[in-house]
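Residue numbers (my numbering), protein chains in the order written: chain A, 549 to 959; chain B, 549 to 959.
No lab work stands behind these hints: they were computed from the structure. If you're wondering where the values come from, they're calculated on a predicted model, not measured in any experiment. Keep in mind that the hints are not guaranteed to be accurate.
Remember, identical chains collapse to one label, so a pair may be satisfied in a single copy or spanning two.
Distance condition first, Cα-Cα at most 25 Å in a straight line; then the derived SDA-like pairs of lysine to any residue [said to hold, decoys possible]:
1. Lys-605 to Tyr-626
2. Lys-605 to Thr-875
3. Lys-605 to Phe-617
4. Lys-605 to Phe-628
5. Lys-874 to Gln-954
6. Lys-551 to Gly-704
7. Lys-899 to Asn-579
8. Lys-605 to Ile-775
9. Lys-646 to Asn-871
10. Lys-551 to Ala-690
11. Lys-551 to Thr-670
12. Lys-816 to Asn-871
13. Lys-943 to Glu-609
14. Lys-558 to Lys-943
15. Lys-899 to Glu-713
16. Lys-551 to Ser-925
17. Lys-573 to Arg-641
18. Lys-945 to Leu-959
19. Lys-605 to Ala-860
20. Lys-818 to Asn-947
21. Lys-945 to Gly-612
22. Lys-905 to Arg-952
23. Lys-956 to Tyr-563
24. Lys-605 to Gly-933
25. Lys-955 to Glu-823
26. Lys-816 to Glu-857
27. Lys-882 to Gly-694
28. Lys-747 to Ile-770
Protein chains: 2
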Amino acid sequence: MTKINSNYQKLQAGYLFPEIGRRVKAFQQENPQADIIRLGIGDVVLPLAPAIISAMKDAVEEMGTLQGFHGYGPEQGYDFLINAIIQNDYAPRGVQLKNNEVFVSDGSKCDSGNIQEIFDTTCKVAVTDPVYPVYVDTNVMAGRTGAYLTSGHYEGMVYLPANKENQFSPPPPQEKLDIVYLCSPNNPTGATLSREALKAWVDYARQNECIILFDAAYEAFISDPEIPHSIYEIEGAKEVAIEFRSFSKTAGFTGLRCAYTVVPENLKGKNNSGESVSINALWNRRHCTKFNGVSYPVQKAAEACYSPEGQAQIQENIQYYMNNAKTIREGLQKLGIEVFGGDNAPYIWLKTPQNAKSWDFFDQLLTQAHIVGTPGSGFGPSGEGYFRLSAFGLKEKVNEAIERIQKKLQL
Amino acid sequence: MTKINSNYQKLQAGYLFPEIGRRVKAFQQENPQADIIRLGIGDVVLPLAPAIISAMKDAVEEMGTLQGFHGYGPEQGYDFLINAIIQNDYAPRGVQLKNNEVFVSDGSKCDSGNIQEIFDTTCKVAVTDPVYPVYVDTNVMAGRTGAYLTSGHYEGMVYLPANKENQFSPPPPQEKLDIVYLCSPNNPTGATLSREALKAWVDYARQNECIILFDAAYEAFISDPEIPHSIYEIEGAKEVAIEFRSFSKTAGFTGLRCAYTVVPENLKGKNNSGESVSINALWNRRHCTKFNGVSYPVQKAAEACYSPEGQAQIQENIQYYMNNAKTIREGLQKLGIEVFGGDNAPYIWLKTPQNAKSWDFFDQLLTQAHIVGTPGSGFGPSGEGYFRLSAFGLKEKVNEAIERIQKKLQL
Chain A
549 MTKINSNYQK LQAGYLFPEI GRRVKAFQQE NPQADIIRLG IGDVVLPLAP AIISAMKDAV
609 EEMGTLQGFH GYGPEQGYDF LINAIIQNDY APRGVQLKNN EVFVSDGSKC DSGNIQEIFD
669 TTCKVAVTDP VYPVYVDTNV MAGRTGAYLT SGHYEGMVYL PANKENQFSP PPPQEKLDIV
729 YLCSPNNPTG ATLSREALKA WVDYARQNEC IILFDAAYEA FISDPEIPHS IYEIEGAKEV
789 AIEFRSFSKT AGFTGLRCAY TVVPENLKGK NNSGESVSIN ALWNRRHCTK FNGVSYPVQK
849 AAEACYSPEG QAQIQENIQY YMNNAKTIRE GLQKLGIEVF GGDNAPYIWL KTPQNAKSWD
909 FFDQLLTQAH IVGTPGSGFG PSGEGYFRLS AFGLKEKVNE AIERIQKKLQ L
Chain B
549 MTKINSNYQK LQAGYLFPEI GRRVKAFQQE NPQADIIRLG IGDVVLPLAP AIISAMKDAV
609 EEMGTLQGFH GYGPEQGYDF LINAIIQNDY APRGVQLKNN EVFVSDGSKC DSGNIQEIFD
669 TTCKVAVTDP VYPVYVDTNV MAGRTGAYLT SGHYEGMVYL PANKENQFSP PPPQEKLDIV
729 YLCSPNNPTG ATLSREALKA WVDYARQNEC IILFDAAYEA FISDPEIPHS IYEIEGAKEV
789 AIEFRSFSKT AGFTGLRCAY TVVPENLKGK NNSGESVSIN ALWNRRHCTK FNGVSYPVQK
849 AAEACYSPEG QAQIQENIQY YMNNAKTIRE GLQKLGIEVF GGDNAPYIWL KTPQNAKSWD
909 FFDQLLTQAH IVGTPGSGFG PSGEGYFRLS AFGLKEKVNE AIERIQKKLQ L
């Protein structure tokens with residue numbers, strides 16, 4: 549029989565969300581009258597902004613005409629979108645990018661999952677703990693790790709614990725890494741990396757010739773003007789970092805699919821002979837060989853995010869979610885629960901009361917208040933004793949959830 | 549510095565289409581008045597069918613409402629589309645599929661490029677020659693080959709020559725393969741695999757425990773009722789084959805991006821310990837970890853391809869292109885040029901007159917008739933002395949092209 553990629557068998561079964569589903573279902577069956585409110589998922593709920601809908605409809609109509617039909621586009625994305633990205637997301641922050649440094653794609657999950665492919669399988673890779681599972685799983689699949697250990701870690705991968713002691717911003721380690729994944733604003737902790745913290749990472753990467761994979765999918769939720777939105781706001785970052793951005797959370801594109809990745813021309817790696825190689829050229833080759841561009845109407849929809857109306861409408865939605873985050877934060881704080889995140893990110897990361905295990909708090913919240921959240925331990929062993937609540941919900945539901953927690957939760 | 553995946557450096561620079569572009573540009577500069585007709589590319593030109601446009605616009609509007617908004621969908625695709633695929637593309641041909649055997653994606657290029665990832669890097673892989681380059685390049689990137697040889701082949705990959713002597717339908721080899729890529733109707737040769745030829749491959753795969761990766765992206769162009777549209781029309785194929793299908797050429801989705809891949813539950817591989825492993829489960833894991841589903845409006849557009857109006861409109865477009873193919877075939881045959889394909893495929897594969905080299909014929913066609921095609925040698929060494937013309941063009945242009953060839957080409 550054909551031999552499979554046995555690295556896949558090292559992967560832990562997707563445990564977190566199926567297990568949440570199982571427990572919720574069991575509870576609902578025993579309590580059919582319970583009105584369960586879900587603050588567990590990271591998906592948006594508000595409809596797409598009118599400016600986006602209008603632009604996308606126009607593009608669909610174009611596709612029905614001989615003159616306006618668009619077939620295969622550039623794999624890297626249309627210049628109309630790349631120009632809008634550079635002029636709106638980077639130029640105002642003092643970051644100059646060339647068009648060939650921006651790669652439009654169908655999602656940050658895809659990009660942050662595929663990026664490891666252009667690096668050697670022997671690279672030493674680090675992630676923070678807790679962590680967005682895609683970074684880890686895709687490296688396991690590629691054979692960069694050993695077995696899954698009872699500690700909850702994979703052998704051979706470096707984990708940087710993020711906890712309240714280090715403000716969920718782990719500093720660079722002593723050891724030399726080849727690749728490090730950083731996510732700011734962070735999923736799941738809601739923490740952001742300050743300018744100083746980011747500078748420390750860029751300096752580390754330059755000294756150690758390490759590449760930073762910087763996931764900024766949630767940058768639109770930053771409200772503090774001191775916090776960088778892009779790693780390229782730090783001097784020298786273009787020589788050490790790749791940045792991932794997404795329209796998913798910024799503009800509600802989770803069901804439309806559009807994102808982009810920045811790979812600066814100055815970023816270099818080395819080949820087996822030690823010669824310097826352009827990472828931009830490698831990613832371009834990967835992108836053109838295994839990807840065929842984003843749907844034209846979706847790219848037109850993404851472009852509309854940058855129009856004055858689009859900007860205003862998107863900001864309104866972000867503010868809506870951030871008001872939810874405020875409601876959750878303050879509501880929990882009133883109960884004496886220690887909360888993190890939720891000020892520059894749509895996630896609230898809370899320390900479980902009485903240091904309860906994450907899953908025990910999950911059960912308590914579900915059975916006492918009929919609210920679903922996400923156990924922190926599901927994101928990694930350092931998430932044990934923490935819990936994630938998402939601000940992506942309807943305001944009325946979020947308000948009711950907090951009232952219920954205040955009334956029903958037995959602390 | 550971070551070590552790169554050095555397998556990428558084995559890849560030959562994308563030579564074919566850039567070189568075509570270079571020669572066309574040079575000719576155009578010297579002959580600014582020349583009206584060049586392009587029959588080189590494989591992209592469609594007709595607008596999307598009205599039924600598709602209408603369904604997609606409705607879906608976009610839904611996305612602008614609270615009730616109709618769709619966020620993350622199932623990575624594997626919505627059931628409304630999977631049901632339509634199974635009921636329309638398979639059930640009428642006697643093929644029963646379960647919903648979990650169909651994976652909707654954003655393109656066959658992506659799927660046929662990514663599929664190799666779930667197999668071991670030591671697998672022995674075969675392709676036909678000439679071949680769609682993605683099959684080869686993605687295996688090179690994964691390290692399944694050695695260097696590029698002066699023969700035009702990669703070391704360690706098995707090439708099955710497809711030529712007029714074997715009707716462009718190479719039989720299974722004596723040697724044992726782990727994976728073989730077959731494409732019918734074929735890009736670039738336009739040839740199809742008969743029921744007998746496909747049965748020989750399925751029997752070979754069963755006897756040798758080999759997996760067939762069957763690319764049927766052009767199946768909608770089959771007019772001969774004897775030719776299978778799906779490999780699963782052959783008994784036992786579900787135990788040995790994965791099938792790729794696409795809306796790109798069938799319904800003009802090259803700029804919308806939707807395709808699907810069938811991975812039967814009964815398909816098995818083995819792990820390092822020799823234990824049997826479900827290929828469907830592996831692909832599902834890959835799909836869910838590195839992909840986040842196709843845009844909801846695009847899936848609604850794809851579903852509309854199966855409505856009675858959608859079917860009629862799509863058939864009309866296919867007939868339009870096949871009329872072009874007939875024009876090209878018959879026009880060339882009148883000149884005594886030996887032509888293949890073009891009857892069950894949108895590509896015409898011709899033997900160059902006087903056994904000219906592919907690139908010499910390219911230059912002759914460009915300079916004498918101002919027509920651009922694709923040199924067969926660009927698809928592999930066995931394509932030398934052949935040439936590809938595409939039927940994807942406007943009727944008027946195709947007619948004019950053939951008239952010019954008949955009048956201007958000095959044979």
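Here is how each hint holds up against the structure:
1. Taking the closest pair of Cα atoms, Lys-605 and Tyr-626 come within 25 Å of each other both inside a single copy (18 Å) and across two copies (21 Å).
2. Proximity of Lys-605 and Thr-875 under a CA criterion of 25 Å is satisfied in neither setting, with 35 Å inside one chain copy and 36 Å between copies.
3. For the homomeric pair Lys-605 and Phe-617, the shortest alpha-carbon distances inside one copy (14 Å) and between copies (15 Å) are both at most 25 Å.
4. For the identical chains of this complex, Lys-605 and Phe-628 are neighbours both inside a copy (17 Å) and across copies (22 Å), given an alpha-carbon limit of 25 Å.
5. For the homomeric pair Lys-874 and Gln-954, the shortest alpha-carbon distance inside one copy (15 Å) is at most 25 Å, but the shortest distance between copies (75 Å) is not.
6. Both within a single protomer and between protomers do Lys-551 and Gly-704 lie at most 25 Å apart by alpha-carbon distance, with minima of 24 Å and 17 Å respectively.
7. Taking the shortest Cα distances, Lys-899 and Asn-579 never come within 25 Å of each other, neither inside one copy (28 Å) nor across copies (73 Å).
8. Proximity of Lys-605 to Ile-775 under the C-alpha cut-off of 25 Å is found in neither arrangement, the shortest distances being 36 Å within a copy and 39 Å between copies.
9. When the C-alpha separation of Lys-646 and Asn-871 is checked against a cutoff of 25 Å, the pair qualifies neither within a copy, at 36 Å, nor between copies, at 44 Å.
10. Taking identical chains as interchangeable, the C-alpha atoms of Lys-551 and Ala-690 lie at most 25 Å apart whether they share a chain (15 Å) or sit on different chains (15 Å).
11. In this homomeric assembly, Lys-551 and Thr-670 come within 25 Å of each other (Cα to Cα) both inside a single copy, at 22 Å, and across copies, at 8 Å.
12. When the C-alpha separation of Lys-816 and Asn-871 is checked against a cutoff of 25 Å, the pair qualifies neither within a copy, at 42 Å, nor between copies, at 51 Å.
13. For a Cα distance limit of 25 Å, the shortest separation of Lys-943 from Glu-609 across copies, 23 Å, qualifies, whereas the shortest one inside one copy, 35 Å, does not.
14. In this homomeric assembly, Lys-558 and Lys-943 never come within 25 Å of each other (Cα to Cα): the closest approach is 41 Å inside a single copy and 55 Å across copies.
15. When the C-alpha separation of Lys-899 and Glu-713 is checked against a cutoff of 25 Å, the pair qualifies only within one copy, where the shortest distance is 12 Å, while the shortest distance between copies is 73 Å.
16. Taking the shortest alpha-carbon separations for Lys-551 and Ser-925, neither the intra-copy value of 34 Å nor the inter-copy value of 32 Å comes in at or below 25 Å.
17. For a Cα distance limit of 25 Å, the shortest separation of Lys-573 from Arg-641 qualifies neither inside one copy, at 47 Å, nor across copies, at 39 Å.
18. For the identical chains of this complex, Lys-945 and Leu-959 are intra-copy neighbours only, at 22 Å inside a copy versus 77 Å across copies, given an alpha-carbon limit of 25 Å.
19. In this assembly of identical chains, the alpha carbons of Lys-605 and Ala-860 lie at most 25 Å apart whether taken from the same copy (20 Å) or from different copies (24 Å).
20. Taking the shortest alpha-carbon separations for Lys-818 and Asn-947, neither the intra-copy value of 53 Å nor the inter-copy value of 52 Å comes in at or below 25 Å.
21. Taking identical chains as interchangeable, the C-alpha atoms of Lys-945 and Gly-612 lie at most 25 Å apart only when they sit on different chains, with a minimum of 20 Å there against 41 Å within one chain.
22. Within a single copy, Lys-905 and Arg-952 get their C-alpha atoms as close as 21 Å, which meets the 25 Å cut-off; across copies the closest is 78 Å, which misses it.
23. In this assembly of identical chains, the alpha carbons of Lys-956 and Tyr-563 never lie at most 25 Å apart, being 28 Å within a copy and 68 Å across copies at closest.
24. Taking CA atoms no more than 25 Å apart as the test, Lys-605 paired with Gly-933 passes in neither setting, with 47 Å inside one copy and 47 Å between copies.
25. In this assembly of identical chains, the alpha carbons of Lys-955 and Glu-823 never lie at most 25 Å apart, being 64 Å within a copy and 54 Å across copies at closest.
26. Taking the shortest Cα distances, Lys-816 and Glu-857 never come within 25 Å of each other, neither inside one copy (39 Å) nor across copies (53 Å).
27. In the homo-oligomer, the alpha carbons of Lys-882 and Gly-694 never lie at most 25 Å apart, since the shortest distance is 45 Å inside one protomer and 64 Å across protomers.
28. Taking the shortest alpha-carbon separations for Lys-747 and Ile-770, only the intra-copy value of 18 Å comes in at or below 25 Å, while the best inter-copy value is 60 Å.
Checked against the numbered hints listed earlier, the structure breaks hints 2, 7, 8, 9, 12, 14, 16, 17, 20, 23, 24, 25, 26 and 27; every other hint is satisfied.
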